[in-house]
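Model the placement of chain G on the given structure of chain D, informed by the hints.
Going down the list, the sequences are from chains D and G.
Following the working numbering, the numbering of the first sequence begins with 1008 at its first residue and continues without gaps.
Following the working numbering, the numbering of the second sequence begins with 2 at its first residue and continues without gaps.
Some clues are possibly wrong.
[Claimed, not checked] Selected chain D positions facing chain G (Cβ under 8 angstroms, derived; list incomplete): (1) N1057; (2) A1064; (3) V1067; (4) T1160; (5) I1174; (6) L1176; (7) G1177; (8) R1235; (9) A1239; (10) R1258; (11) S1261; (12) L1266; (13) A1306; (14) R1310; (15) I1311; (16) Q1316.
[As the list claims (entries may be wrong)] Derived list of chain G stretches under chain D, where covered just means 3 residues or more per stretch with a C-beta under 8 angstroms from a C-beta of chain D: (17) 54-67; (18) 77-84; (19) 95-104.
Bear in mind the hints are in silico, worked out from the structure with no lab data behind them.
Values in this document were obtained by computation on a predicted structure and should not be read as measured data.
Positions of the beta carbon are idealized from the N, C-alpha and C atoms, including for glycine.
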Amino acid sequence: MATTDTAAKPGLLAGIRGTGAYHKLLAFSGLIALVAVFSLASRNFMQTSNVLAILQATSVNGVLAIAATLVIITGGIDLSVGTLMTFCAVIAGVVLTFWGLPLPLGLLAAIAAGTASGLVSGTIIAKLRVPPFITTLGMMLILKGLSLVISGTKPIYFNATPGFNQISLGSLFGSIVPALPLPNGVLILFAVALVASFVLSRTALGRYAFAMGSNEEAVRLSGVNVDRWKIAVYASAGAVCGIAGILIASRLNSAQPALGQGYELEAIAAVVIGGTSLSGGRGTVLGTLIGALIISVLANGLRILSVAQEWQTVVTGTIIILAVYADILRRRRL
Amino acid sequence: MLRRTLLAAVGALSLLAAIPGAQAQEYDIALISKGFQHQFWQAVKAGADKAATEFGAKVTFEGPDTEAQVDRQLDMLSAALARKPSAIGFAALDSQAAIPLLQQAKDGGIPVVAFDSGVDSDIPLTTATTDNVAAAALAADKMAELIGDAGKVAVVAHDQTSRTGIDRVNGFVNRMKEAHPNIEVVSVQYGGGDQLQSTEITKSILLANPDLKGIFGANEGSAIGVINGKKELNSSIVVIGYDSGAAQKAAIMDGSMAGAITQNPIGIGYETVRAAIAALKGETLPPVIDTGFYYYDKTNIDAPEIAAVLYD
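The shape of chain D in the complex, shown without the other chains (with noise of 0.2 angstroms):
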């Protein structure tokens, strides 16, 4: 517990990282387990297309779980993931089918949504001071309505945008190497990764999203204008949250406006089970990346295997209080 109360030295900050790295591993390892129990069990679940399915089930989960990840890092929490995704997607549909207009402003419209829902849950947390619990909880209902008003309560589908769908469907990477058809959603979800993964490493709005996360007051103190940083912190997840929309729009070939709420739970679930603690200050999008991947391999395996459904939840939730258990041992022995 000392690492994250003095983490606000710029000293410490590597062995932030340090510790992070050490949790990917064991993340990491959690995964391959999981691989080799279900390639044992089922010659079915090794196959190319399905670890192109369980790729593709990631996506959305993971690029949200990104989202998530940069919010909690600071300390916060967003709940809005789920259904900002949704409204986004809506917006792209309104921008492409009702509008008619071309394809990258659909694009553009469903980021610039995100960022801008990201902009006034980071005023509303930083200036006004409501609790992010209780903002994003707001702004989830706020935005699930929305996208049912706007979109009128039905699915809004993008059969007048030709090549909407390749957006996640589509494989670039298979005309390169037609062996292996990685669908484009998944590439997204790793360049969303790496330019995340970067930008807390290596740029001011990462470190200050560390150290807001493992104390605030005294970054505050240090002079640090800490309500732009977190302002900044909440729009660049909307941003993320806006790449979510489009990737489960282009996969749906359709806007679903009363899809959304319960994925900012899973998204969670996958960062924590990648080891970012909720607490703040300590988190690798990389982990994240590993905790998305744990739960969509644990839903396909569990499908594979012919598991009842019933037994499919349990088992999950077993897992995801195993994965944040043995990341407190491991805590406790350094």
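Chain G only, in chain D's frame:
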């Protein structure tokens, strides 16, 4: 040490969970449904299990937590495809989203049978479903009969995005317009099939329309919500429900609900599996298998043909 123990525990748990599905039988049929927890879907599952025992097949049944989670349903479908089942039964949440995966099933020679809700594609060999428009029209006729063919009525439905939501609302409203011109549908509201939300909606409709004669609850959750709202306001309106379940059956017995439309969920599950097996044996199937519906009330709730399709 501890870490290793934990990992071993994780492994053991997964292996343990794997055992029930390990044996292979003659046919392996994967049913991907629109839901799982609702009693309605559990009744569909019961019908599928019944056919599975009868025809010696292995059947799995899965569905997302809510009927909004289109992408989760696609993940379930792609995992089912990876399992290489003999056939697939599919109840689409969205009429288009699953088409690429269904194409994959077709290319892999896996026959697909749609149930409950169809898809905009000719890949499914048949669709085992209720004629929801006709069923809701029957509810409208019964409502008209009970309120003396005149006055104001309202509808509380689950959603306006799914096929069943659209068909039931249209079936009811259009039948009133065509056959019962003295009846006015003053309000159609949506409560997501959630009992509590539907209760609140019902109360607001009743408070806004003191002269209301009746409400049609378009699915199980909506109908229970209507009953709750009616009881909380001590209203005496005529309520017609949809589907069954313990709460709705009790409401019909104590008179707070006049009657309800029941689909045949057990039949839907049974016919889906039977059609899948028929397809595997190379038989030709009709484009739609109508699984039927009934109106039931206090007088016929115990009749054998009704009791057989009601569920708790």
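Please check whether D:R1235 passes as an interface residue: C-beta within 8 angstroms of a C-beta belonging to chain G.
violated (35 angstroms)
With chain G as the partner, please determine if D:A1239 meets the hint condition of a C-beta pair closer than 8 angstroms.
Status violated, d = 30 angstroms.
Hey, does the D:A1306 contact hint survive, CB to chain G under 8 angstroms?
holds (7 angstroms)
Quick one, is the D:R1258 hint okay against chain G at 8 angstroms, beta carbons?
With a closest approach of 6 angstroms, the D:R1258 hint holds.
Should the hint that D:A1064 touches chain G count as held when the rule is a Cβ pair under 8 angstroms?
For D:A1064, the interface hint holds, since the closest Cβ of chain G sits about 4 angstroms away, which is under 8 angstroms.
Count the residues of the region 54-67 of chain G with a beta-carbon closer than 8 angstroms to any beta-carbon of chain D: does the count reach three?
holds (count 7)
D:Q1316 as chain G interface residue, shortest Cβ-Cβ below 8 angstroms:
Hint holds; D:Q1316 Cβ to chain G Cβ min 5 angstroms, cut 8 angstroms.
The hint names D:G1177 as touching chain G; please verify it with the least Cβ-Cβ distance against 8 angstroms.
Because about 11 angstroms separates D:G1177 from the closest Cβ in chain G, which is outside the 8 angstroms limit, the hint is violated.
Has the region 77-84 of chain G got at least three residues whose CB is nearer than 8 angstroms to a CB belonging to chain D?
Answer holds; 7 residues pass the 8 angstroms Cβ test.
Is the shortest C-beta separation between D:L1176 and chain G less than 8 angstroms?
Hint holds; D:L1176 Cβ to chain G Cβ min 7 angstroms, cut 8 angstroms.
Quick check on the hint: D:R1310 CB to chain G CB, less than 8 angstroms?
holds (4 angstroms)
Can you verify the interface hint for D:S1261: is its Cβ closer than 8 angstroms to any Cβ in chain G?
holds (7 angstroms)
Of the hints listed earlier, those the structure fails to meet are numbers 5, 7, 8 and 9, in rising order.
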